[in-house]
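Taking the hints into account, I'd like the entire structure generated from these sequences.
Each residue of the sequence shown is one higher than the last, beginning at 1 in our numbering.
Keep in mind that the hints were calculated from the coordinates and are not lab data. Everything numeric in this text was worked out from a predicted model, so none of it was measured. For every residue, glycine included, the Cβ atom is placed at its ideal position computed from N, Cα and C. Please note that a few of the clues may not be correct.
[Unchecked claim] Estimated spans, in silico, between C-beta atoms of each pair:
#1 Ile65 - Thr119: 25 to 35 angstroms
#2 Arg41 - Gly202: 31 to 41 angstroms
#3 Arg90 - Glu232: 25 to 35 angstroms
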Amino acid sequence: MLCAALGACASRPEPIRGASAPASGASSDAASCGSRYTVRRGDTLSGIADRCGVRWLDLAAENNISAPYTLRDGQVLVMPGGARTYTVRRGDNLYRIAVSHGMTQQELAAINGIAPPYTIYPGQELQLSGNARPVQTASATPAPAPRPAQPSTQQPAQQPSQQPAPAQQPAPAPSQPVAGAPQFRWPHGGQVIANFGSQPGGRRNDGIKIAASVGEPVRAAAAGEVVYAGNELQGYGELVLLRHGDWVTAYAHNSVLRVSVGQQVEAGAVIAEAGSTGSANRVQVHFEIRRGVTPVDPLQYLPRR
Numbered sequence: 001m002l003c004a005a006l007g008a009c010a011s012r013p014e015p016i017r018g019a020s021a022p023a024s025g026a027s028s029d030a031a032s033c034g035s036r037y038t039v040r041r042g043d044t045l046s047g048i049a050d051r052c053g054v055r056w057l058d059l060a061a062e063n064n065i066s067a068p069y070t071l072r073d074g075q076v077l078v079m080p081g082g083a084r085t086y087t088v089r090r091g092d093n094l095y096r097i098a099v100s101h102g103m104t105q106q107e108l109a110a111i112n113g114i115a116p117p118y119t120i121y122p123g124q125e126l127q128l129s130g131n132a133r134p135v136q137t138a139s140a141t142p143a144p145a146p147r148p149a150q151p152s153t154q155q156p157a158q159q160p161s162q163q164p165a166p167a168q169q170p171a172p173a174p175s176q177p178v179a180g181a182p183q184f185r186w187p188h189g190g191q192v193i194a195n196f197g198s199q200p201g202g203r204r205n206d207g208i209k210i211a212a213s214v215g216e217p218v219r220a221a222a223a224g225e226v227v228y229a230g231n232e233l234q235g236y237g238e239l240v241l242l243r244h245g246d247w248v249t250a251y252a253h254n255s256v257l258r259v260s261v262g263q264q265v266e267a268g269a270v271i272a273e274a275g276s277t278g279s280a281n282r283v284q285v286h287f288e289i290r291r292g293v294t295p296v297d298p299l300q301y302l303p304r305r
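Structure below.
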């Protein structure tokens with residue numbers, strides 16, 4: 001989904017974003033992976049990503065591997081890198097293609113110059129990486145052409161009207177800093193014991209840690225779909241990932257999971273019980289909010305308390 005999606009784990013990168021390139025001794029391992037890697041007994045997706053210097057989410061997307069990310073001995077994995085494409089099949093839609101390749105619908109549309117309502121056709125080839133392309137429209141280009149002199153006089157008049165917009169953005173920031181974000185609620189009522197961002201020892205936390213007691217309920221921060229529920233990712237313990245449109249929330253180190261993949265949950269529903277599984281050194285709820293695969297500071301999206 002990504003350091004990786006559960007940045008609170010002390011000894012490993014976090015899983016939503018996948019593993020980042022190792023800090024030392026990684027170049028030879030990555031080189032030995034080449035463009036393909038054959039799975040060996042005991043391998044895990046995150047472990048292979050660590051050795052090969054790639055993000056585990058990119059590796060999963062490149063090989064069409066979905067939760068619970070099971071590998072088989074002898075399976076050949078293609079390493080991500082360079083431009084990638086996808087050929088649209090009957091029944092596809094842009095949203096599902098984007099999600100399956102670790103990006104948002106808007107990102108995939110921008111790369112391919114596709115405008116709403118994001119219509120695609122069987123046989124169409126989509127670029128899965130690259131720079132955003134301008135959306136082509138029939139009337140947009142001729143309109144400004146016949147008025148070369150007017151922009152210079154109109155720009156000063158338009159600039160004041162555009163200036164208030166940035167000034168208004170900080171106001172809603174504590175609860176809704178980005179248009180379209182769900183109204184998130186706290187997953188647990190405990191005290192925040194580790195904030196988002198850089199941590200001692202050079203580590204980075206892609207979420208927040210909330211103090212808890214064993215067995216206390218962990219609740220969904222917003223209504224959504226369970227896209228992962230398990231403990232296959234070493235270090236993260238019992239983990240739940242919920243998708244809310246283009247947003248994802250993560251809940252790690254639980255003692256018991258109360259949901260299963262594919263289940264729809266309401267905001268505030270109990271999805272797990274707090275614990276200290278994985279690499280947690282105390283009972284806690286590690287909580288993340290991601291827009292697509294990009295981690296954001298949960299405290300900027302949660303209600304003040």
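Outcome of the hint check:
1. Ile65 - Thr119: 25 to 35 angstroms: holds, 28 angstroms
2. Arg41 - Gly202: 31 to 41 angstroms: holds, 33 angstroms
3. Arg90 - Glu232: 25 to 35 angstroms: Cβ of arginine 90 to Cβ of glutamate 232: about 32 angstroms, so the range 25 to 35 angstroms holds.
Taken one by one, the earlier hints all hold for this structure without exception.
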